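K.L.:
Sequence:
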Amino acid sequence: MSLWFYVVNSEPIEIEHKMPLRVQTVNGFAQSNIIPKEIKVRFRGPRTFMKNITQTKTPVKIKVTDPSLEKASLVTINSEDIPIPFGVEIVDYSPREFEVDWDREIKKYVPLKPQLVGELAQELKLSSTLASKEVLISGARSVLKGIGKMNSRAIDISLLEGKGELLLTYDDIDPRIKISPEDGVVMKYEILPNRANFTLKNLAIRFNTTTSRFSASTTKVSMDVLIFGEKGNLTEGQVKVVADIPDGAKGRITVPLKVELPEGVHLVNVNPEKITVNIR
Numbered sequence: 001m002s003l004w005f006y007v008v009n010s011e012p013i014e015i016e017h018k019m020p021l022r023v024q025t026v027n028g029f030a031q032s033n034i035i036p037k038e039i040k041v042r043f044r045g046p047r048t049f050m051k052n053i054t055q056t057k058t059p060v061k062i063k064v065t066d067p068s069l070e071k072a073s074l075v076t077i078n079s080e081d082i083p084i085p086f087g088v089e090i091v092d093y094s095p096r097e098f099e100v101d102w103d104r105e106i107k108k109y110v111p112l113k114p115q116l117v118g119e120l121a122q123e124l125k126l127s128s129t130l131a132s133k134e135v136l137i138s139g140a141r142s143v144l145k146g147i148g149k150m151n152s153r154a155i156d157i158s159l160l161e162g163k164g165e166l167l168l169t170y171d172d173i174d175p176r177i178k179i180s181p182e183d184g185v186v187m188k189y190e191i192l193p194n195r196a197n198f199t200l201k202n203l204a205i206r207f208n209t210t211t212s213r214f215s216a217s218t219t220k221v222s223m224d225v226l227i228f229g230e231k232g233n234l235t236e237g238q239v240k241v242v243a244d245i246p247d248g249a250k251g252r253i254t255v256p257l258k259v260e261l262p263e264g265v266h267l268v269n270v271n272p273e274k275i276t277v278n279i280r
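Per the numbering used here, residue 1 is the first one in the sequence shown, and the count goes up by one each step.
If you're looking for bench data, these hints aren't it; they were derived computationally from the structure.
The structure presented is a predicted model; accordingly, all values stated were derived computationally and were not measured.
Every residue, glycine too, gets a C-beta built ideally from N, C-alpha and C.
Check each hint, because a few of them may be wrong.
[Claimed, not checked] Label-pair restraints from in silico Cβ distances: (1) Leu126 - Thr58: 36 to 44 Å; (2) Asn27 - Ala154: 51 to 59 Å; (3) Tyr109 - Asn27: 17 to 25 Å; (4) Glu236 - Ala154: 35 to 43 Å; (5) Glu161 - Thr58: 35 to 43 Å; (6) Glu263 - Asn33: 49 to 57 Å; (7) Pro256 - Ser138: 38 to 46 Å; (8) Thr199 - Glu161: 19 to 27 Å; (9) Glu236 - Thr210: 25 to 33 Å; (10) Thr129 - Asn208: 26 to 34 Å; (11) Leu267 - Asn33: 49 to 57 Å.
[Said to hold, decoys possible] The calculated DSSO-like cross-link candidates involving lysine-lysine, where the alpha carbons are at most 27 Å apart (straight line), are: (12) Lys258 - Lys274; (13) Lys149 - Lys178; (14) Lys63 - Lys40; (15) Lys201 - Lys178; (16) Lys61 - Lys107; (17) Lys61 - Lys37; (18) Lys133 - Lys113; (19) Lys37 - Lys51; (20) Lys108 - Lys149; (21) Lys178 - Lys71; (22) Lys57 - Lys18; (23) Lys188 - Lys163; (24) Lys178 - Lys220; (25) Lys188 - Lys220.
Could you build the full structure based on these sequences and the hints that come with them?
P.N.:
Structure representation (structure tokens):
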């Protein structure tokens, strides 16, 4: 009881906090003008409660139920529209009102164009695929009319190594436009060599298996690689070619080969890429 009394009656403070502003309306309409993206609010209350306010991104939601194509809607923000925790009061806020122009809402798919900057070494190239080549945009007809593509934020390809995934986020999105997927599109990439400058022959395949009752179409491979630096520094012991045979497999199966190379060595091709294994 004494602890609760202390919290509620602790010295009050005032803070200013910006809260996201969300204007909603009926289906088929979308805003065509630029409106405030946030509302600036001054709160007063115990320090403990203020921490909760600054650590959250709770939006102020306003619903317009009667949009019109002929005239703008005057949107008024009341203090009751601003969510606040218990024990906190609103001292002031702005804006208190603004106008929204309306237009018919349309939706369409547009290509997503990755913006690539930087350069790779001449011996290397970038191979990439997008989880989706198009994104869905929606908004006012007058706003979307001239939009034929969406650009990603710049990607410095000189910082990429090996292979992996990147989330492509969008560049300079008009606040009147909604885009899906909202967070971005995944790009899978791999840095590949343009050519080989060294060949390794008769490399033994390592078989990962729990059985010894098998035979393979071959137990050795050759491969072409691109080496940065002195070629004589690469030894066969630094290169691993692995065939993973699934547990419980029987009969004739095809097994892809996995290649592990040291840093600075890039695989151009391995021959063969797959082998046939007979499990008795």
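K.L.:
Please go over all the hints and tell whether each is borne out by the structure.
P.N.:
Now for the hints, and whether the structure bears them out:
Taken as a hint, the range 36 to 44 Å holds for the pair leucine 126 and threonine 58, whose Cβ atoms sit roughly 41 Å apart. Take asparagine 27 and alanine 154: their Cβ atoms lie about 36 Å apart, and the range 51 to 59 Å is violated. As the Cβ distance of tyrosine 109 to asparagine 27 is approximately 19 Å, the hint placing it in 17 to 25 Å holds. Against the hinted window of 35 to 43 Å, the Cβ-Cβ separation of glutamate 236 and alanine 154 comes to about 41 Å, which satisfies the hint.
Checked against the hint of 35 to 43 Å, the pair glutamate 161 and threonine 58 passes, with Cβ atoms roughly 40 Å apart. Checked against the given bound of 49 to 57 Å, the beta carbons of glutamate 263 and asparagine 33, roughly 54 Å apart, stay inside it. Take proline 256 and serine 138: their Cβ atoms lie about 43 Å apart, and the range 38 to 46 Å holds. Under the hint 19 to 27 Å, the C-beta atoms of threonine 199 and glutamate 161, about 24 Å apart, fit the expected range.
Checked against the hint of 25 to 33 Å, the pair glutamate 236 and threonine 210 passes, with Cβ atoms roughly 26 Å apart. Roughly 28 Å separates the CB atoms of threonine 129 and asparagine 208, a value that falls within the hinted 26 to 34 Å. Taken as a hint, the range 49 to 57 Å holds for the pair leucine 267 and asparagine 33, whose Cβ atoms sit roughly 55 Å apart. Pair hint lysine 258 plus lysine 274 holds up; C-alpha atoms about 9 Å apart against a cutoff of 27 Å.
Taking the CA atoms of lysine 149 and lysine 178, the gap is about 14 Å. The hint holds against a cut of 27 Å. Restraint check for lysine 63 and lysine 40: satisfied, since their Cα atoms lie roughly 19 Å apart, inside the 27 Å limit. For the hint linking lysine 201 to lysine 178, the alpha-carbon distance of about 55 Å lies beyond 27 Å, and the restraint is violated. Pair hint lysine 61 plus lysine 107 holds up; C-alpha atoms about 23 Å apart against a cutoff of 27 Å.
About 11 Å separates the Cα atoms of lysine 61 and lysine 37, which keeps this hinted pair within 27 Å; it holds. Between lysine 133 and lysine 113 the CA atoms are separated by roughly 8 Å; this keeps the pair inside 27 Å, and the hint holds. Our distance criterion of 27 Å between C-alpha atoms is met by lysine 37 and lysine 51, whose separation comes to about 23 Å. At roughly 10 Å between alpha-carbon atoms, lysine 108 and lysine 149 fall within 27 Å of each other, so this suggested pair holds.
Only pairs whose Cα atoms come within 27 Å are accepted, and lysine 178 paired with lysine 71 is accepted, the gap being roughly 23 Å. For the suggested pair lysine 57 and lysine 18, the alpha carbons sit about 9 Å apart, so the restraint of at most 27 Å is met. Note on lysine 188 and lysine 163: the hinted pairing holds, with a Cα-Cα distance of about 8 Å set against a maximum of 27 Å. Between the alpha carbons of lysine 178 and lysine 220 the distance comes to roughly 55 Å, so the proposed pair goes past 27 Å and is violated.
Distance hint between lysine 188 and lysine 220 is unfulfilled; the C-alpha atoms sit about 31 Å from each other, more than 27 Å.
The structure does not agree with the numbered hints 2, 15, 24, 25 stated previously, though it agrees with the rest.
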